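S.K.: As given, the protein sequences belong to chains A and B, one line each in that order. Per the numbering used here, residue 1 is the first one in the first sequence, and the count goes up by one each step. Per the numbering used here, residue 1 is the first one in the second sequence, and the count goes up by one each step.
Calculated from the structure, these hints are not laboratory results. Where hints are given, some of them may not hold.
Identical copies carry no separate label here, and so any pair may be met within one copy or between two of them.
Only pairs whose alpha carbons sit at most 20 Å apart, straight line, appear in this in silico EDC-like list of lysine to aspartate or glutamate [to be verified]: (1) K229 / D328; (2) K229 / E256; (3) K279 / E302; (4) K279 / D210; (5) K273 / D305; (6) K12 / E256; (7) K92 / D81; (8) K12 / E34; (9) K229 / D325; (10) K421 / D93; (11) K342 / D325.
Given the structure is predicted, the values throughout are model-derived calculations rather than measurements.
Protein chains: 2
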Amino acid sequence: MLNRLGAVELAKRLASREVTAQAVVHDCLARIHEREDQVGAWAHVDVEHAFRQARALDAGPVRGLLHGLPIGIKDIIATHDLPTQYGTPIYKDHRPAWDAACVAAIRACGGLIIGKTATTELAYLTPGNTTNPLNSRHTPGGSSSGSAASVSDYMVPLAVGTQTGGSTIRPASYCGVVGFKPSFGLMDRHGVKPVSETIDTLGVFARSVDDIALLAAGITGRDALFPVKNIGRPKIAIWRTPEADHASPESVEALERAATCISRSGGHVADLKPPDAHKGVHHVYQDIELFEMARALRFEKENCDEQLSPGLRARLEQGALVPADLYDRRIGEAEMLRLQFKECVTEFDAILTFSAPGEAPADLSNLGDGIFNRGWTLLHAPCLTLPVLRGPQGLPVGIQLVGAFRDEVQILACGRWLEEKLRQ
Amino acid sequence: MLNRLGAVELAKRLASREVTAQAVVHDCLARIHEREDQVGAWAHVDVEHAFRQARALDAGPVRGLLHGLPIGIKDIIATHDLPTQYGTPIYKDHRPAWDAACVAAIRACGGLIIGKTATTELAYLTPGNTTNPLNSRHTPGGSSSGSAASVSDYMVPLAVGTQTGGSTIRPASYCGVVGFKPSFGLMDRHGVKPVSETIDTLGVFARSVDDIALLAAGITGRDALFPVKNIGRPKIAIWRTPEADHASPESVEALERAATCISRSGGHVADLKPPDAHKGVHHVYQDIELFEMARALRFEKENCDEQLSPGLRARLEQGALVPADLYDRRIGEAEMLRLQFKECVTEFDAILTFSAPGEAPADLSNLGDGIFNRGWTLLHAPCLTLPVLRGPQGLPVGIQLVGAFRDEVQILACGRWLEEKLRQ
């Protein structure tokens with residue numbers, strides 16, 4: 001069952017021609033075939049096209065880091081050869097003229113786009129048909145629902161998503177996989193349908209930190225990201241977020257287990273009190289997101305209003321009412337918060353905090369709360385979630401490492417170190 | 001000849017129903033018909049569709065600020081009902097699924113998209129077929145060639161373009177119109193084909209500052225931008241740019257005439273020496289633009305290489321070689337330069353500097369040099385160019401006002417004040 005292998009292991013075998021891309025695709029498609037009715041991770045899978053890509057890769061030279069690896073792409077990201085429907089009937093069967101920059105980069109180093117993963121409506125709050133692969137009565141989280149679920153369910157080793165609120169870290173935590181939202185700007189967003197220009201960031205999913213790093217290196221062409229560098233004794237700060245009372249006992253336990261594991265393994269753990277101004281981060285986030293979303297989705301609002309969900313329609317109406325001077329002030333405040341955060345993290349390799357309030361809610365209409373994610377996306381900081389334990393309902397709970405802007409090398413190193421220590 | 005009127009005057013007559021949108025469209029189309037063979041300002045004009053929009057506007061209520069005004073849209077900006085071809089055969093006859101956010105905003109307040117204005121190849125350096133309407137042997141500048149030329153030639157009162165290097169300010173100066181590149185982020189870029197995510201900014205063209213402000217207010221919904229506020233005695237700093245030796249005698253004369261005019265009219269003029277670090281701005285710009293352009297246009301490079309011009313192909317190859325750590329350093333330097341510039345301008349209402357090295361070159365293959373523009377776009381500062389005089393070849397020369405980030409209200413006020421004083 002090649003679909004059970006991780007990306008790094010598969011990439012090794014593919015590069016050495018020990019296995020063919022066709023064989024890998026075959027096993028992934030078999031898993032999708034077996035499980036898709038239950039999981040609903042996909043907006044579109046093109047079996048023939050997947051094999052066509054695989055045959056071409058098998059027949060040609062090894063193209064690069066991601067040679068022959070089947071990858072799922074969130075369906076708000078443009079692909080020229082597969083429909084891109086943005087989770088809304090407005091764009092049913094839509095086919096863009098180009099590949100998004102991240103897709104072009106994946107293909108340039110041999111990645112194989114096996115299909116488009118299900119997303120919420122226009123990457124906002126109205127769920128698609130995806131269920132949590134670990135318990136189909138529970139949400140997978142969103143908006144990158146299908147990307148998280150497909151990787152969790154061994155349908156693909158790697159998937160790409162996005163994050164505005166908590167759309168990468170939260171579903172990764174809910175589905176028990178590794179999720180990584182790099183710094184703002186690390187990955188080009190051309191071809192990604194926007195929600196909020198100032199905040200939207202690409203994110204990636206895998207089942208290990210090494211696999212995450214491989215995909216991030218493939219997309220960005222940055223050799224420094226893969227292989228993940230070794231770190232001796234990381235200095236980790238626990239971020240006593242003002243929202244800690246939103247964390248369930250199992251999330252608190254996950255954080256404590258991770259902190260204990262770090263100290264016991266020789267790492268340094270310290271408490272970090274967020275600066276007072278950080279308390280305002282949610283208001284800043286909210287006004288910027290609402291204002292920019294109403295701007296970005298204006299065409300849909302003006303022309304396809306009746307095809308929008310009532311929830312999204314209401315948000316766009318609300319966003320159109322955010323005064324421009326409030327928005328401008330929030331943009332300035334966001335800048336200040338970023339500078340402040342930079343000061344906070346200089347002494348540490350990473351911050352340790354919650355990934356999500358708890359296990360995935362037992363409610364398919366509730367994508368869960370991004371309260372532990374929105375602030376970091378606004379701050380443009382790299383975030384990595386790792387699964388730590390199973391909660392009372394048997395579902396995974398992750399913890400989150402957050403790093404300094406553009407310090408993905410360090411955050412991946414800390415993540416790999418902690419992942420290993422947690423396994424011991 | 002309604003096409004000779006400015007946007008504010010036309011908007012007044014349209015809103016009072018003194019003239020119909022159909023009549024305005026008729027006169028604009030007549031001018032286009034008369035002059036387009038010579039000027040080549042348009043990638044696409046749909047006569048029937050323009051009249052259809054005009055009839056609908058005439059039959060309905062007054063929709064807003066731009067009601068009934070014919071507007072040209074640079075052909076790298078998506079329109080769902082008109083082809084969007086990006087100045088390249090790769091996207092011949094391409095029709096996007098949506099309107100760009102700025103187009104949706106224009107339509108929401110009654111603007112009428114009369115056609116798509118000619119652009120250079122993918123908004124980079126390879127010219128289209130546009131000539132300078134004031135002398136067809138001279139370049140109109142680029143990349144927003146058609147937007148500048150169409151407004152200059154009285155084909156439309158308003159047009160939208162973009163600026164990465166100097167693609168709004170330079171062609172506006174060459175064609176003798178007012179050009180305005182607001183602060184980065186003031187106008188949403190969704191639906192604009194990117195060159196450089198960190199730098200690309202929308203820009204607008206008109207024949208007066210009031211008209212510019214009307215369009216900017218229409219796109220952004222910001223009441224503070226229009227009507228332009230009055231300013232008493234502006235404090236203007238002359239920016240003695242390290243590149244001043246690139247300015248021709250006529251550009252120096254334009255700057256001096258504007259400075260003299262400001263002092264004589266009661267304004268305050270001071271000299272400002274740029275901080276030393278500012279000298280590096282061109283290197284910072286160059287590396288960021290190259291790196292990001294190669295990333296953003298990767299699909300075209302990988303899939304349509306033979307349809308790219310040799311110049312663009314070479315730039316994309318060069319961009320792919322910019323090391324990621326150099327790029328990261330440049331991103332940090334750009335941040336620092338922005339903070340420094342903020343300090344520099346606090347005491348002033350605006351900076352006065354060159355718009356372009358001189359008159360439009362007498363060479364249709366040479367779009368002119370953006371040396372006086374690139375730095376400001378990188379700094380995310382609002383820039384406004386005004387025509388000041390005619391040079392030895394009889395072509396216009398503008399000067400540029402540059403303001404503090406997000407202070408468009410002030411920069412428009414200074415611009416309108418200076419425009420008026422220059423006329424006296």
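S.K.: Determine for every hint whether it applies to the structure shown.
M.R.: Evaluation of the provided hints:
no.: 1; hint: K229 / D328; verdict: between (40 Å within a copy, 19 Å between copies)
no.: 2; hint: K229 / E256; verdict: neither (25 Å within a copy, 57 Å between copies)
no.: 3; hint: K279 / E302; verdict: neither (35 Å within a copy, 46 Å between copies)
no.: 4; hint: K279 / D210; verdict: neither (34 Å within a copy, 41 Å between copies)
no.: 5; hint: K273 / D305; verdict: neither (44 Å within a copy, 53 Å between copies)
no.: 6; hint: K12 / E256; verdict: neither (36 Å within a copy, 66 Å between copies)
no.: 7; hint: K92 / D81; verdict: both (15 Å within a copy, 18 Å between copies)
no.: 8; hint: K12 / E34; verdict: neither (26 Å within a copy, 65 Å between copies)
no.: 9; hint: K229 / D325; verdict: between (45 Å within a copy, 16 Å between copies)
no.: 10; hint: K421 / D93; verdict: neither (46 Å within a copy, 56 Å between copies)
no.: 11; hint: K342 / D325; verdict: between (26 Å within a copy, 19 Å between copies)
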